[in-house]
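Novice: One letter stands for each residue in the lines below.
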Amino acid sequence: MTQFNGANLRLIRQFNNLSLAELGESANISKQFLSRLENGGESISNQLAESLADRLRVMPEFFFLPSGPLISEEQCHFRSHLTTKVTLRQNARARGEILNQLVGVLEKHLELPAYSIESSEPETVEAIETAAARFRDYFGLGHGPLSSMTRVAENAGAIVMHVQGLAPDIDAISFATGRPLVALNTDNRSGCRQRFGVAHELGHFALHVGVLTGDRLTESQANRFASALLLPRTTFAAECRTAIRGSRLNWQGLSQLKLRWGVSKAALIYRGRQLGIFTEQQARSGYIGLKRHGEAIQENEDHLIAAEDPEMLMDSLSLLREHFGMPLPAIARELRLTPDLLSSLLLLNTSNFPTDNVIFISQRRAHRA
Amino acid sequence: MNPKKRAVTECNEYQSAFQEFSAPSDASRFCFVIDRGLSGAEDPHVEFLGFDKFGTVACRWVSDTARALYLESEQEAPVEQVRKPTVAPRKPDLGRTAASVSERSDLEP
Chain A
1 MTQFNGANLR
11 LIRQFNNLSL
21 AELGESANIS
31 KQFLSRLENG
41 GESISNQLAE
51 SLADRLRVMP
61 EFFFLPSGPL
71 ISEEQCHFRS
81 HLTTKVTLRQ
91 NARARGEILN
101 QLVGVLEKHL
111 ELPAYSIESS
121 EPETVEAIET
131 AAARFRDYFG
141 LGHGPLSSMT
151 RVAENAGAIV
161 MHVQGLAPDI
171 DAISFATGRP
181 LVALNTDNRS
191 GCRQRFGVAH
201 ELGHFALHVG
211 VLTGDRLTES
221 QANRFASALL
231 LPRTTFAAEC
241 RTAIRGSRLN
251 WQGLSQLKLR
261 WGVSKAALIY
271 RGRQLGIFTE
281 QQARSGYIGL
291 KRHGEAIQEN
301 EDHLIAAEDP
311 EMLMDSLSLL
321 REHFGMPLPA
331 IARELRLTPD
341 LLSSLLLLNT
351 SNFPTDNVIF
361 ISQRRAHRA
Chain B
1001 MNPKKRAVTE
1011 CNEYQSAFQE
1021 FSAPSDASRF
1031 CFVIDRGLSG
1041 AEDPHVEFLG
1051 FDKFGTVACR
1061 WVSDTARALY
1071 LESEQEAPVE
1081 QVRKPTVAPR
1091 KPDLGRTAAS
1101 VSERSDLEP
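The listed protein sequences correspond, in order, to chains A and B. Here the first sequence is numbered in my numbering, starting from 1 and rising by one per residue. Here the second sequence is numbered in my numbering, starting from 1001 and rising by one per residue.
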């Protein structure tokens, strides 16, 4: 075993969403001592390492792994970087780190789609529209509605997955690591919001390489990219006219457009206005109408648009199990995590995995002590 | 909009040939003017002007607020069926396998 790495302790504590005081209290040590441990100012006994490992759902060896370059602020794309709580950002980033390590294991054994999102400068609105059009061209996506936005992201080389515990106003977060990760909020999201969320994160990957995002400008740029990707102007502008009757919005036409394109009515109105199809007044009355009908957050047709399930990660785990004889506990072991932690990260039911023949030495030792 | 280019204000030799056959008040010379708007940013639009044989504007078309070129077709664009991402086992790499084995050996009890 090599030297104790305090950064790993901090990482997994933040992953478990525990403060220094909370973990210290549960392990019967002071938060000051714990802080010094994390900063490399104290050595750790085997007994304490095992005790902490048990509480944090890792193997004691996890604390002794050398840590690679950590995900930087510029690589994390939160919707509201400046207003998101620090603890939430830390927890999300810790999840991103562990996922990144998991992706490392997958890539060691599997050929995943190559990451191939072209980087563009979002200097003008036209440049963003062009970037989205080129994205479609590159992946041969035509000009019509996309059957699955999640598959688009996965074919572009991103890992998409659901996560729990994100703030309600966040649809998705992403990490622009070597193989980018997109984490979708599972809490009561509609299919169309999820699709827009994935397209928005692709916008960050395409437009904001090495740029700290989360401010108004970068978020609106990513939204513009998402709108242009989901609703290309060459085809959508013509169809959008069906949502106008006389000088007023045609709500039935808008509903049909929503079901066809898999995009919320609010986003359709926004795009229609962007393209100059809807007047300022029509768009404004559209937003007011949505609010008045109680559709500001959840729209009437939301249940008709199925949520998209990420497939690449689950297919990879199946392939590791079937082709390499590596079930989830074995992957967890390679990462020095417990199967329980990995399952909770991936929102899997642990009962699906045979773990009754796995004995954790650390737990047995702790039990004996 | 106040275009001063000769292409707008003057009739060229090819256009003048057509004007001989037109009625005095009919538009017989046409040109597009792309107006970038005030300061090049406000309300850009396109105008299509028709002049009669005396150089007077006989008809005028101004684009509406639609600023996107789009395909005008009876048929809707088909839904794009996005294929499932392909994941396959990596081809055996002896060097990588050896490294993997040595990495894992420190875990053995």
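I should point out that these hints are in silico values taken from the structure, not numbers from a laboratory. Hints should not be assumed to be uniformly reliable.
What the hints assert, rightly or not - With a Cα cut of at most 20 angstroms, we get these calculated DMTMM-like pairs of lysine to aspartate or glutamate: (1) B/Lys1005 <-> B/Glu1047; (2) B/Lys1091 <-> A/Glu107; (3) A/Lys108 <-> A/Asp137; (4) B/Lys1091 <-> A/Glu322; (5) A/Lys291 <-> A/Glu301; (6) A/Lys108 <-> A/Glu322; (7) A/Lys108 <-> A/Glu311; (8) A/Lys85 <-> A/Glu280; (9) B/Lys1084 <-> A/Asp309; (10) A/Lys85 <-> A/Glu73; (11) A/Lys108 <-> A/Asp309; (12) B/Lys1084 <-> A/Glu301; (13) A/Lys85 <-> A/Glu219; (14) B/Lys1084 <-> A/Glu107; (15) B/Lys1084 <-> A/Glu111; (16) B/Lys1084 <-> A/Asp315; (17) B/Lys1091 <-> A/Glu42; (18) A/Lys291 <-> A/Asp309; (19) B/Lys1084 <-> A/Glu311; (20) B/Lys1005 <-> B/Glu1080; (21) A/Lys31 <-> A/Glu42; (22) B/Lys1091 <-> A/Asp315; (23) B/Lys1005 <-> B/Asp1035; (24) A/Lys85 <-> A/Glu74.
Just so we're clear, the structure is a prediction, and the values are computed from it rather than from any experiment.
Novice: Against each hint, give a clear statement of whether it holds in the structure.
Specialist: Verification of the supplied hints:
1. In summary, the hint linking B/Lys1005 to B/Glu1047 is supported, as the alpha carbons are separated by about 14 angstroms, within the 20 angstroms threshold.
2. Distance restraint check for B/Lys1091 and A/Glu107: the Cα-Cα separation of roughly 11 angstroms lies within the 20 angstroms cut-off, and the hinted pair is therefore satisfied.
3. For the hint linking A/Lys108 to A/Asp137, the alpha-carbon distance of about 30 angstroms lies beyond 20 angstroms, and the restraint is violated.
4. About 16 angstroms separates the Cα atoms of B/Lys1091 and A/Glu322, which keeps this hinted pair within 20 angstroms; it holds.
5. Annotation: proposed proximity of A/Lys291 to A/Glu301 holds, straight-line Cα distance about 15 angstroms (limit 20 angstroms).
6. The hinted pair formed by A/Lys108 and A/Glu322 meets the criterion: a straight-line CA distance of about 16 angstroms does not exceed 20 angstroms.
7. Pair hint A/Lys108 plus A/Glu311 holds up; C-alpha atoms about 19 angstroms apart against a cutoff of 20 angstroms.
8. Under the criterion of a C-alpha separation no larger than 20 angstroms, the hint pairing A/Lys85 with A/Glu280 is inconsistent with the structure, at around 35 angstroms.
9. For the suggested pair B/Lys1084 and A/Asp309, the alpha carbons sit about 11 angstroms apart, so the restraint of at most 20 angstroms is met.
10. About 14 angstroms separates the Cα atoms of A/Lys85 and A/Glu73, which keeps this hinted pair within 20 angstroms; it holds.
11. This hinted pair does not check out: A/Lys108 and A/Asp309 have alpha carbons roughly 24 angstroms apart, beyond 20 angstroms.
12. For the given pair, B/Lys1084 sits about 26 angstroms from A/Glu301 by alpha-carbon distance, which is inconsistent with the 20 angstroms threshold.
13. Of the pairs offered as hints, the one joining A/Lys85 and A/Glu219 holds, with about 18 angstroms between alpha carbons and a cut-off of 20 angstroms not exceeded.
14. Taken as a hint, the B/Lys1084 and A/Glu107 pair is honoured in the structure, with Cα atoms around 18 angstroms apart against an allowance of 20 angstroms.
15. With a CA separation close to 14 angstroms, the supplied pair B/Lys1084 and A/Glu111 stays within the 20 angstroms bound.
16. Simply put, B/Lys1084 and A/Asp315 have alpha-carbon atoms about 10 angstroms apart, close enough for the 20 angstroms limit, and the pair holds.
17. With a CA separation close to 44 angstroms, the supplied pair B/Lys1091 and A/Glu42 exceeds the 20 angstroms bound.
18. Restraint check: the Cα-Cα separation between A/Lys291 and A/Asp309 comes to about 29 angstroms, which exceeds 20 angstroms; the hinted pair is violated.
19. Of the pairs offered as hints, the one joining B/Lys1084 and A/Glu311 holds, with about 8 angstroms between alpha carbons and a cut-off of 20 angstroms not exceeded.
20. Of the supplied pair hints, the one linking B/Lys1005 and B/Glu1080 is violated, its CA atoms being roughly 46 angstroms apart against a limit of 20 angstroms.
21. The hinted pair formed by A/Lys31 and A/Glu42 meets the criterion: a straight-line CA distance of about 13 angstroms does not exceed 20 angstroms.
22. Among the hinted pairs, B/Lys1091 with A/Asp315 is consistent with the structure: their alpha-carbon atoms are about 17 angstroms apart, no more than 20 angstroms.
23. Taken as a hint, the B/Lys1005 and B/Asp1035 pair is honoured in the structure, with Cα atoms around 13 angstroms apart against an allowance of 20 angstroms.
24. Between the alpha carbons of A/Lys85 and A/Glu74 the distance comes to roughly 17 angstroms, so the proposed pair stays at or under 20 angstroms and holds.
In summary, the numbered hints that this structure violates are 3, 8, 11, 12, 17, 18, 20.
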